[in-house]
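Mind docking chain B on chain A? Use the hints.
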Amino acid sequence: MTIAATALIADDEPLLREALMRLLAAAWPELRIVAEARNGREAIDLFTAHRPDICFLDVQMPGKTGVEAAQHIGRGAHLVFVTAFDQYAVQAFAQGALDYLVKPVEPARLAETVQRLQERLRASTPALDTEALLEQLAKALRPASAAGGLRWVRASAGPTVHLIAVSDIDYLRAEEKYTQVAWHDDGGQPREAVIRTPLKELVAQLDATEFAQVHRSVVVRLGAISHITRGENETADIHLKRRPEVLPVSRSYLHLFRQM
Amino acid sequence: MAASVMPPPVDNPRIFAWPRVRFTLIAAGIFGFLMGLHSTASMPLDIVRSIFVGFAVLMMFGFFEHFPRRMPRWLPRTVLRLVSIAIIIPISTGIVIALTGGATQHDFGMQLVGALLFAPWIAIGTILRQRDAFAREQALEFELVRSEFERRESDARLRLLQAQVEPHFLFNTLANVQALVDSGSPQASKVLSSLIAYLRAAVPRMHSKSATVENEVELVRAYLDLMQMRMPDRLKFAIHLEPAAARQQCPPMTLLTLVENAVRHGIDPGEAGGRIDVDIWIRDGRCVMRVTDTGVGFKGANHGLGTGLATLRERLKLAYGGEARLELTEVAPHGVCAEVSFPAPGPA
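So the protein lines, in turn, are chains A and B. Residue 850 in the numbering used here is what sits at position 183 of the first sequence, and the numbering runs on without skipping anything. Residue 256 in the numbering used here is what sits at position 161 of the second sequence, and the numbering runs on without skipping anything.
Pulled out of the complex, with its shape left as it was, chain A reads as follows (with noise of 0.2 Å):
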């Protein structure tokens, strides 16, 4: 015996949406499909709008994805992901005793998951308290922007916007409200723009092997150096490989340089 029940589907694939339709209209004749959403944020929107039993959420879509949304119903709703192929999240699924299909969705399968369901509803067993795994499977699948350290930077020359790879950095100068950052395009010629991001925030994130910190207001890649000259008074002057300018070394700093 089955019973009946309403339910939200989340996918940003329409043929996917109506595919997993078509398999529960097979599997559970009497369940509704009260909304269908196209994005993590129609999800939330048509979960408060139309209060489900059921969400069907795929974990990746544009702008929120299903785990930032299965927050937000908590456990306003019984929970089942849907993912494409994602050891991690799949993973984390099956230790966390969560719901999950797995893309292109097999109908054994989706038949398990519906008796589970059915026996929920009719126990009336409130949702599974899942707050603490979802917050991490959530950070987990967050785009992670410090990650490996930087590896372009976004500066504008003009009205241009320049992405620039690290690698072609020569050295980062602390203005007034931006850093000014020196490069070398692919054509080979030194260019300059700025960033409006600190120097403070960029060094955070550059890798610390290829920059040093020379100056309150200056770092340098260390490739680009072509030599150092020790000045009067504990300062030094760092000439550059591919450039005229001359960076300053001060006193705090001179210890990077010190006899090796």
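Honestly, I wouldn't trust all of these hints.
Once the Cα atoms are required to be at most 27 Å apart in a straight line, the calculated DSSO-like pairs of lysine-lysine come out as [claimed, not checked]:
id : chain 1 : residue 1 : chain 2 : residue 2
1  : A       : 908       : B       : 412
2  : B       : 331       : B       : 285
3  : B       : 331       : A       : 731
4  : A       : 806       : A       : 731
5  : A       : 908       : A       : 867
6  : A       : 844       : A       : 867
Note that these hints are calculated values from the structure, not bench results.
Frame of chain A, contents of chain B only:
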């Protein structure tokens, strides 16, 4: 930030490098000892004189090693160094004998002739050894550079291989194909053809070193067809290929990397999606590939951006040296324009 800076490499030894000084001391010591056996002066005096002459020779030998920086064509440096040594020997011998005094004509003559016979041979030996070491060092360096290049190339290709085998894309596309088949859609066969075209084009290409622009365009068209089927309301695209550019050679997956990047970081993360324009043409003897999208732009693209592009940059560098360019700029109001250009030597 910890950092270490290497001093510039020293190509040639300094004039008074310790190994040379040591060698000079020993050679002059032996020479002075032999002189002492036959001269009228005392043995230590002969040794001191020899060492003085020895250092004068060493100074000349070292000085003309670097000076003048550029030698005239008609005068080899070796000759200059030997002549300078031949000149300094009588002068230094005269000076040291005048300074120490008490030497006979016989002593002077013996010291002079002996030194003239002795020193140039040592100098020639040193020069030959230096030349040998230099050649060996160069061969070693060359070999090092070559193996480094090979390593980087295979690394870049490995990364390409890993980057392209994307199960997420494959399974998602297959799920779509299955949906079409299950619903009996006439589109199913067409989409399956695109997937086959994409796989056929993509799989063997990762191993080949070069492809034509035309192949790349076919691959990209198949890929974009698939993506459009998957997100019909979010992706629009157009491809313009100038016929003159069709037969150009380019590293495989160049265009696909740009297009995949536009989809992954421009179109896919945005709820509204966007449009991708692919343009390829020849200008001033260069082939230009430009992929423009109206997606979320750099702001949204803070993850993984660059993995594919960084690999592409490396591969372009390996294939064209400094002759290829990859430039990324922001498009108003939002979106990214990626442009690759490389020399086009005319149709192959």
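Taking the hints in turn, this is what the structure says about them:
{"no.": "1", "hint": "A/908 - B/412", "result": "holds (20 Å)"}
{"no.": "2", "hint": "B/331 - B/285", "result": "holds (18 Å)"}
{"no.": "3", "hint": "B/331 - A/731", "result": "holds (22 Å)"}
{"no.": "4", "hint": "A/806 - A/731", "result": "holds (12 Å)"}
{"no.": "5", "hint": "A/908 - A/867", "result": "holds (25 Å)"}
{"no.": "6", "hint": "A/844 - A/867", "result": "holds (12 Å)"}
In summary, the structure agrees with every hint in the numbered list given earlier.
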